[in-house]
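Kindly generate the complete structure, drawing on both the sequences and the hints.
Protein chains in written order, with our numbering: chain A, 1 to 463; chain B, 1001 to 1507.
Source of the hints: derived by calculation from the structure; they are not laboratory data. Glycine residues also receive a C-beta, built at the ideal position from the N, C-alpha and C atoms. Incorrect hints may have been included.
Claimed, not checked - Lysine-lysine pairs mimicking BS3-like chemistry, simulated, CA-CA at most 30 angstroms apart:
#, chain 1, residue 1, chain 2, residue 2
1, B, Lys1306, A, Lys171
2, B, Lys1306, B, Lys1316
3, A, Lys153, B, Lys1210
4, A, Lys171, B, Lys1186
What the hints assert, rightly or not - Restraint-style ranges between C-beta atoms, simulated for each label pair:
#, chain 1, residue 1, chain 2, residue 2, range
5, B, Met1294, A, Asp420, 30 to 36 angstroms
6, A, Pro185, B, Asp1261, 47 to 53 angstroms
7, B, Lys1306, A, Ala371, 34 to 40 angstroms
8, A, Gly19, B, Glu1393, 24 to 30 angstroms
9, A, Gly178, B, Cys1230, 32 to 38 angstroms
Claimed, not checked - Far from chain B, some chain A residues (derived; all Cβ distances over 10 angstroms):
#, residue
10, Ser151
11, Pro185
12, Asn187
13, Asn188
14, Asp192
15, Glu195
16, Gln197
17, Lys198
18, Arg350
19, Asp378
20, Leu419
21, Ala442
22, Ser449
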Amino acid sequence: MSYLPHTLDDLRIMLATIGVKDIESLFSEIPEDCRLRRPLDIAGPLDEISLTAHMEMLASGTISTSQAACFLGGGAYDHFVPAVVDHLASRGEFYTSYTPYQAEASQGNLQVYFEYQSLIANLTGMEVSNMSLYDGGSAAAEAVLMSLSVSSKRRVVISSTVHPEYREVVKTYCANLGVEIVTVPSNNGVVDPQELQKIVDGDTACVLLQQPNFFGSIERLEELTSIAHAAGAIVAVSVDPVSLGILKRPGDCGVDLVIAEGQCLGNHLAYGGPYLGILACRESFLRRMPGRLAGQTTDRRGNRCWVLTLQTREQHIRREKATSNVCTNQGLLALRSAIHLAVLGPEGLREVAESCLAKAAYAKQRLTATARLTSAFDSAFFKEFVVRDACGAPGSLVADLLDAGYLAGVPLGQWYPELDDCLLVAVTEKRTRTQIDGLAAAVDFISTSKVSHARHAVHEASV
Amino acid sequence: MRDTQSTKLLSELSRPGRRGAKIGPLDVPAVNIREKIPAYALADAPLPLPELSELDVVRHFTNLSTLNMSVDSHFYPLGSCTMKYNPKRNERLASLPGLLALHPYQPEESLQGMLRALWELQGMLAEIAGLHAVSLQPAAGAQGELTALLVAAAYFKDRNEDRTNVLVPTSAHGTNPASAAMAGFKAIGIESDREGMIDLNDLDRKLDEKTAVLMITNPNTLGLFEHQICEVAKRVHDAGGLLYLDGANMNAILGIARPGDFGADMMHYNPHKTFSGPHGGGGPGAGPIAVREMLEPYLPTPRVVKRGETYSLDWKKPKTIGRVRSFFGNVGILIRAYAYILSHGGEGLADVSRYAVLNANYLLAKLRDVLPVPFSKGCLHEFVGSASELKSERGISAMDLAKRLLDYGFHAPTVYFPLTVKEAVMIEPTETESRETLDAFADAMRTILSEPVELVQSAPHSSSVNRPDEVRAAKEQHLAWSDLSVTASKESIGPVSPSVASAGERA
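Here it is in structure tokens:
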């Protein structure tokens, strides 16, 4: 066994010290009818060379975003990750440590988390950020639970333009809590303030919005927030942190709770995780905030230092009365995002955001100039937009474009039946003009190719 | 040799106009932001973020890292956390572009290698559990608990059974009752008996037609196998309830005993503990769950299925509880777990548990005359000592002991948990530590106990800080830096032009 250091001598000495004749004796407290008396039916062991070959074989059975130009978004984005992020985060002192219960043995991590909280608070315009949650979806659910707890109300209003998976997570978390969830319809890809006005009422605990929304469109966040506040509801908004390079911070729009998927801040796509759940709020909500918090203090010598603080909110102290059950969170991803924001700085983040904006605008113009694709909405957008497939077969278009070397877009029909002819297309700063032009050319080529029509018929029939 | 300059706060190191990463000139036509973004949505001030050079950032975080203890650098016997060696090969393999650079919404045909690994992992975790079906979706152990309890709630609802209570031993991890509350259940405590086992009489008093689930940790948080587990399972099942196993301590029983075989109906794993995913300073973990056949319809979607030689995502589960997070799961951690399991094979996993238990018992034998261990002769993968006598007789608390160990180059054990042991000191050495390390740790403990009390009470002496004032932290709530030390000066946001990069170089 690769990782077991024991020699036969060690084994002999250790057993003698314990006073047993063999290791098996140490398991004598386990009743015989609980014992497994056969080896687990699991392949292996594989030595490092064989394991590497096996994993490389699996890896060769995928088409990665380093092989095909990625225009996929929907909450996870192919942004550039500077080498500095990977390099620093791979230091063993960071990634093989654990939750900083012993402050003296964890000052590095604690200061990083304090800095992460500071960066997120400043980025979002909020007063407090926690040390992280799992992902954007569960952060949305935790924000809703916070609102329920603060307001003692039981009605939740969610925009249909919030990420459909986040909405599902909220629904799952609230399943047994006696919560009514109401969805606000969208118009031209954004929430109509008048619709929200009709739905939000005095019983509403919170309104959950997204900016830019799931379609990439820009919402009237300040106006929607005012409407919700006028009805006495708490406003939570899911934001794209990269967009804050140019968009008004949610804190400056008056919202109460900010959640975000932090994957775009220096974290790899990794087929969906681990990602980073960001949660920031106004100070008045602090006592109901879930998750860990790092706080600044001084030690016995008067030195500035950091500790885990306000732990009486947490499960290991408060048990069933805790603000949440969250324990292990996403420390390493928070570290990565802190490094990412530090190395980008305000100018770098603005440049990334502006680059996304310009490239997305160019891509939309090119794609909607093809014979097959048209714009679904004419609302303003940031780095993502929706196109409609004139052939009504976005699934087969995506498959054909994969053959042409493009991860082209996310079909929306799975969440929005009325948009089952639509694709969500994302463009990050990594995409080049050549790739965008190539994608548009491929769309045109596929649309005029007879082969494609045959394939498309087969594909649609199988769905 | 400490560099205290570079570990100042980022906000203090910041200088206006200093740059790290830059984005090159645009290769597409520039756009006028004010034409593209409505005025109501546009920022009217630059972001108040620190401005640093790339070397500032490298030196800052590199020096900060040296203020941590970690498994790579130190013995880290943090009980209940299974701080075993994190194999470097798994880091490299999980970073292969074909496994790392995959978008969650890629077409399945472009994901076959990844889906195969995840499908095989589902099977491995089912086999280790002795249970039928696995969901890889939960992002951490606590979310696995919540997911399983939501599955249980959906199961009972489907059967028109109104079961409102979840029973949780008082020795359990705090996530158990917290998860029960989040899932809409009432958490009810079950006492331990004099052996530290679940008290069957108390269980009988609290089991009734309202009982949905008993959550049990086995081996329990004292590192002991609940030897009455089959009887416990029978009583829970007779009352119509389900038995949940908190898998935090699976490192003791891999291939030795299977939860499904001793009566558990559902469980979660902590792959970051048991299967060596690194702990990352507080995550990411993962929290896959395994369940018995009758609970499978309620699992979150999607799960990976294999049809012929093709792997795909199965969404067609009308009774599913839905999602507990976005996208597939904490795949990066799951891939490391998969590589770890394959490295060992079935028999190798049992060896992991055998040696984890050997190491814990060895350390227990070396320490029990100086650190009383209330509940046991032996233990499985960990044991819980008590500094209670030490505190009353000499004034040395579990916390003092923990702090002084840092001076000897050892991370502290878990202290003050479980709550059922006074001045608890919970030690889990794991299987990857050598006899010499365990001997050195035991020697340090013995030495500390012969040291002057004041020396121990004022520890640690070698660390950069000494006993932070936690009361002050809680009172002042200083949770973010107040301001950048030097106010950033920025030109207002204007149109994007190909000269963006050079404009950024003005400093």
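How the hints compare with the structure:
1. B:Lys1306 to A:Lys171: Roughly 29 angstroms separates the two Cα atoms, so the pair holds.
2. B:Lys1306 to B:Lys1316: holds (14 angstroms)
3. A:Lys153 to B:Lys1210: Roughly 27 angstroms between the alpha carbons, so the hint for Lys153 (chain A) and Lys1210 (chain B) holds.
4. A:Lys171 to B:Lys1186: holds (20 angstroms)
5. B:Met1294 to A:Asp420: 30 to 36 angstroms: holds (35 angstroms)
6. A:Pro185 to B:Asp1261: 47 to 53 angstroms: holds (51 angstroms)
7. B:Lys1306 to A:Ala371: 34 to 40 angstroms: holds (39 angstroms)
8. A:Gly19 to B:Glu1393: 24 to 30 angstroms: For Gly19 (chain A) and Glu1393 (chain B) the Cβ distance comes to about 28 angstroms; the hint holds.
9. A:Gly178 to B:Cys1230: 32 to 38 angstroms: This hint holds: roughly 37 angstroms between Cβ atoms.
10. Ser151: Fine: 17 angstroms to the nearest Cβ keeps Ser151 (chain A) off the interface.
11. Pro185: holds (21 angstroms)
12. Asn187: holds (16 angstroms)
13. Asn188: holds (13 angstroms)
14. Asp192: Answer for Asp192 (chain A): holds, closest chain B Cβ roughly 15 angstroms.
15. Glu195: holds (18 angstroms)
16. Gln197: holds (17 angstroms)
17. Lys198: Consistent with the label, Lys198 (chain A) stays out of reach of chain B, its closest Cβ about 21 angstroms off (over 10 angstroms).
18. Arg350: violated (7 angstroms)
19. Asp378: Per Cβ check, Asp378 (chain A) is outside 10 angstroms of chain B; nearest 12 angstroms; holds.
20. Leu419: holds (15 angstroms)
21. Ala442: holds (15 angstroms)
22. Ser449: holds (19 angstroms)
Violated hints amount to a single one, hint 18; each of the other numbered hints is respected by the structure.
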